[in-house]
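A.B. asks: Please build the complex by placing chain B on the supplied structure of chain A, with the hints as guidance.
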Amino acid sequence: MTSQSTPLDVAAIRRDFPILDRELEPGTPLVYLDSGATAQRPRQVIEAEVAFLERDNAAVKRGSHRLAEAATDAYEGARERIAAFIGAPSPDEVVFTKNATEALNLVAHSLGSGNQAVPDALRVGAGDEILVTEMEHHANLVPWQELARRTGATLRWIPLGEDFHLDLSELDALLNARTKVLAISHQSNVLGTINPIRELTEKAHAVGALVVLDACQSVPHMPFDVAELGVDFAAFSGHKMLGPTGIGVLWGRYELLAAMPPFLTGGSMIEVVTMEGSTYAEPPARFEAGTPMVSQAVGLASACDYLDALGMERIQAHEQALTARAIGGLQELPGVRIIGPGAGADRFGAVAFDLAGRHPHDVGQVLDSRGIEVRVGHHCAWPLHRRYGVHGTTRATFSVYTTEEEVDALIAGMQTVLEFFARFD
Amino acid sequence: MDLTSLYTDIVFEHDKRPLHAGLREPFTAEVHHVNPTCGDEITLRLHLDTAGTQPRVEDISYDAAGCAMSRASASIMADLLIGRSVEEAAATAAHMEQVMHARGREAGDEDVIGDGVALVGAAKFPNRVKCVLMSWKAYQAALLEARTLGLAGGAA
Numbered sequence: 064m065t066s067q068s069t070p071l072d073v074a075a076i077r078r079d080f081p082i083l084d085r086e087l088e089p090g091t092p093l094v095y096l097d098s099g100a101t102a103q104r105p106r107q108v109i110e111a112e113v114a115f116l117e118r119d120n121a122a123v124k125r126g127s128h129r130l131a132e133a134a135t136d137a138y139e140g141a142r143e144r145i146a147a148f149i150g151a152p153s154p155d156e157v158v159f160t161k162n163a164t165e166a167l168n169l170v171a172h173s174l175g176s177g178n179q180a181v182p183d184a185l186r187v188g189a190g191d192e193i194l195v196t197e198m199e200h201h202a203n204l205v206p207w208q209e210l211a212r213r214t215g216a217t218l219r220w221i222p223l224g225e226d227f228h229l230d231l232s233e234l235d236a237l238l239n240a241r242t243k244v245l246a247i248s249h250q251s252n253v254l255g256t257i258n259p260i261r262e263l264t265e266k267a268h269a270v271g272a273l274v275v276l277d278a279c280q281s282v283p284h285m286p287f288d289v290a291e292l293g294v295d296f297a298a299f300s301g302h303k304m305l306g307p308t309g310i311g312v313l314w315g316r317y318e319l320l321a322a323m324p325p326f327l328t329g330g331s332m333i334e335v336v337t338m339e340g341s342t343y344a345e346p347p348a349r350f351e352a353g354t355p356m357v358s359q360a361v362g363l364a365s366a367c368d369y370l371d372a373l374g375m376e377r378i379q380a381h382e383q384a385l386t387a388r389a390i391g392g393l394q395e396l397p398g399v400r401i402i403g404p405g406a407g408a409d410r411f412g413a414v415a416f417d418l419a420g421r422h423p424h425d426v427g428q429v430l431d432s433r434g435i436e437v438r439v440g441h442h443c444a445w446p447l448h449r450r451y452g453v454h455g456t457t458r459a460t461f462s463v464y465t466t467e468e469e470v471d472a473l474i475a476g477m478q479t480v481l482e483f484f485a486r487f488d
Numbered sequence: 034m035d036l037t038s039l040y041t042d043i044v045f046e047h048d049k050r051p052l053h054a055g056l057r058e059p060f061t062a063e064v065h066h067v068n069p070t071c072g073d074e075i076t077l078r079l080h081l082d083t084a085g086t087q088p089r090v091e092d093i094s095y096d097a098a099g100c101a102m103s104r105a106s107a108s109i110m111a112d113l114l115i116g117r118s119v120e121e122a123a124a125t126a127a128h129m130e131q132v133m134h135a136r137g138r139e140a141g142d143e144d145v146i147g148d149g150v151a152l153v154g155a156a157k158f159p160n161r162v163k164c165v166l167m168s169w170k171a172y173q174a175a176l177l178e179a180r181t182l183g184l185a186g187g188a189a
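So the sequences go chain by chain: A and B.
Everything in the first sequence is counted per the numbering used here, starting at 64 for the first residue and increasing by one.
Everything in the second sequence is counted per the numbering used here, starting at 34 for the first residue and increasing by one.
Warning: the hint list may mix true and false statements.
[Claimed, not checked] When the alpha-carbon atoms are kept at most 20 Å apart in a straight line, the in silico SDA-like pairs for lysine to any residue are as follows:
| id | chain 1 | residue 1 | chain 2 | residue 2 |
| --- | --- | --- | --- | --- |
| 1 | B | 163 | A | 454 |
| 2 | B | 157 | A | 87 |
| 3 | B | 49 | A | 182 |
| 4 | B | 49 | A | 443 |
| 5 | B | 49 | A | 398 |
| 6 | B | 49 | A | 388 |
| 7 | A | 161 | A | 172 |
| 8 | A | 266 | A | 231 |
| 9 | B | 163 | A | 443 |
| 10 | B | 49 | B | 76 |
[What the hints assert, rightly or not] To spell it out: a stretch of chain A is covered by chain B in this simulated footprint if at least three of its residues, at any positions, have a beta carbon under 8 Å from a beta carbon of chain B; those stretches are:
| id | stretch |
| --- | --- |
| 11 | 124 to 138 |
| 12 | 425 to 436 |
[What the hints assert, rightly or not] Derived DEER-like restraints, expressed as beta-carbon distance ranges:
| id | chain 1 | residue 1 | chain 2 | residue 2 | range |
| --- | --- | --- | --- | --- | --- |
| 13 | A | 180 | B | 184 | 34 to 42 Å |
| 14 | A | 400 | B | 58 | 34 to 42 Å |
| 15 | B | 137 | A | 107 | 34 to 42 Å |
| 16 | A | 368 | B | 178 | 56 to 64 Å |
| 17 | B | 140 | A | 88 | 20 to 28 Å |
| 18 | A | 400 | B | 134 | 34 to 42 Å |
Since the hints were derived computationally from the structure, they do not count as laboratory data.
For every residue, glycine included, the Cβ atom is placed at its ideal position computed from N, Cα and C.
Bound-form chain B, shown alone:
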C-alpha cells in the first residue's frame, strides 16, 4: 500500500502549521462536532459579513483535535472558504464532498478545492473520509445555525 498518496507533504505542512487555527471573536455561529468512532473533535466558529448583497465568509476559526488528515483538512477548508461568498463556499464544499465520496475515482479540481486535492488519497479509505469531511460538515452546520438564528443575511 502506498502511504505517500495519503500522507502527502501538503497534508503534513497543514498538520504541522495549521492555517487560521484557534478560536476568535467575533463570530456569527459556533458548532462542536465529534467523530464518535475515534473521538476526534472540532469546535468551529463562523463569522459572516452580511453588509453586502451576498453574505460572505469573513472568518472561520477552529480548535481541532484529531489525526493528521482531519487537522490538515480543517486548515485547508478554512483557508479556502475565508473571503468567499457563502454561495461560492457551498460549491467548494460540494465538490470536496463529491470527490471524497468517489472512492479515489476522481482527482478533484485544484481550481475549486486548491490544497484539498492533497486530501483525495483518503477517499480510498472509507474510514478516513469521515476524518477529512468533519471540518467541512462543521462549517455547513455553522452556516445552518447562522441561518436558523436569522444572522446569515441576504435572501438566505
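Okay, chain A solo, but in the shape it has when bound:
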C-alpha cells in the first residue's frame, strides 16, 4: 500500500468512476460536488455487486442448498469486512439496515419499547431526558422527537454558537443524571464542524447516558474507529461511502444489542415461534427482519476495500486541501458568507454558503447550467439554518475523486452567478 502521506492520484481514481466522464449536455462536463448527499460508485463496487448477482445470488440464511450457502457466506463476509473497517471488535456488532435513518430509528424504537424486562439503561420513559444538538440532520432529530413523544421523555438540545461549533457552556446542566441518550452527529453535514465526540462521550458515560453517533459524514471521509471514539452506537449509510443505496449500518456494543428488544419483526429474526408468541435470535439477526439486502452488502464491503486501498488518512488530507481551497476562493466573492468554521483541522469538507439577496435555489440553478452539481436548500437540517437566519444554503461536498479544478470551477461558477443576477439589479 502507498504511504499515508503520499497525495491521492486523483486522475487514476477518476478512471474508476465511469459517471465522471459524463457530459450533462455536449460541452458541459459533469462537476459533481454533491458527494455528501450521495457519492458516486467506482467500477469495482458496481462489478462486485454484478459478480455476486451473476454467480452467487440466493436468499441468505434460509435453505441449505449450496447456492444459499454461497450467498450467506458473501453476506456474512461483508459483515466481517465492515466490522474491520470501523474497528468493531466483532462482526456480530454490525447490523445491516436499509439506510442510516433506519439504523437511528432502530435504536430510538428499541429504547422506547416500554418492555419492563429490558434493563433500565436501555429503556427511555417519562422523566428521562434525550439530548441532541441543534446541528442534527433530521434523521438524528425526528426519531428522538418521536421517542420523547411516545414515552413522555423530554427532548433537550445543545445549542449552536456563533462560531458554528456546539455551545458547550451549559453542558453540565443539559447532560445530567436524567439524560438517557446523547444523540449527536460526528461531523455536521452542513457546517463541516467536527464535534469533540470522545470528550462528550466521557461526560455522557459519567452520568450513565448512552451515546448514539450519526457517523454518516465521518466514516467516508476520515479514519474511523468505534473503539477509539468510545461511543455506544454508530449509524452510517452505504451510498455516502462509495457504496450502494439501500444499505446502512448500525454498529452497537454487543452487550447492549443483546439486551435490546427488536425494532422490525418477522422472518429471520426469531428463535422460536408459536401461535402464542415468539422468542428472538441473538444480535445481529434479531435486528434484521426479512430478506436482507445481500448484493448491496457485497457492494459495501467492496467500497471498504476501495477506501482502505486509498487510505483514509490520505483521503482526509485530500479533502481538507479541497476544503481550504473552496473556502479561500468563495469567501473572496462579494456577498458570500460561509456558513461554517474557517478552514482548519476542526472541520471537514462540507462547505455551505449564503449569497446575500439570492435564494440558494437560484444559485444552484445557474451553477447547474454550467454542469456544477451542488446541493441547495436546508440539507435536512432545518433548525440549523433557522439558527443562522437563512432559509437555505448552497453546499459543495467532496470525495476521493474531486479535483482542484472542480473546486476552481465552483468558484468561477459563482462569479457567473454574480454576473447573471447583477444584470437584473
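C.D. replies: The following block gives chain B in isolation, referenced to the frame of chain A:
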C-alpha cells in the same frame, strides 16, 4: 442550458417589486404553506367579496420567502386573481397548473394567465414546478378554508 428561458425579465421584475405583497386586513381565510424540500414558505390571506351573486376575490395578500421563481409566481398570481370571480380564478389556476405540468410542451395562453407565461420556463425543471405552484396551491387552500368556514358565499 438556456437560463434566460427560466429567468425572464418579467420574473425578475416581479421578484424585485412584488405586487400586492404584505399581509393585510381584512381577510376571509389565511393559510401557511411550506415547500419541505427547500424550506420556502408563504403565508397567504384571501379576502372574498360575497355581496353579489358570484363570490369575488376582493384581495390576496401574502408574505413569501423563497427563490425568484416562487416569489415572482406569488406576485403574478395575486395580480391575476384579485378582482376576478372565484369561478374565473379557478379556471386561471387550472390553466396555470396544466401548463406547469406539461414539461414545457405548452406555452400557456397569455389571455388567461398574463405574466404567468413568463414562468413557463420552469415547467422543464420538475423541481422548480413546485416553486411556481406553491402560491397557487396556497390560494386554493385558502378558498377551501373559506368554504369550510361557510364564508365563501353563493352556492359554493
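A.B. asks: Compare the structure with the hints numbered earlier in the document and write down the numbers of the violated ones, lowest to highest.
C.D. replies: 3, 4, 6, 11, 13
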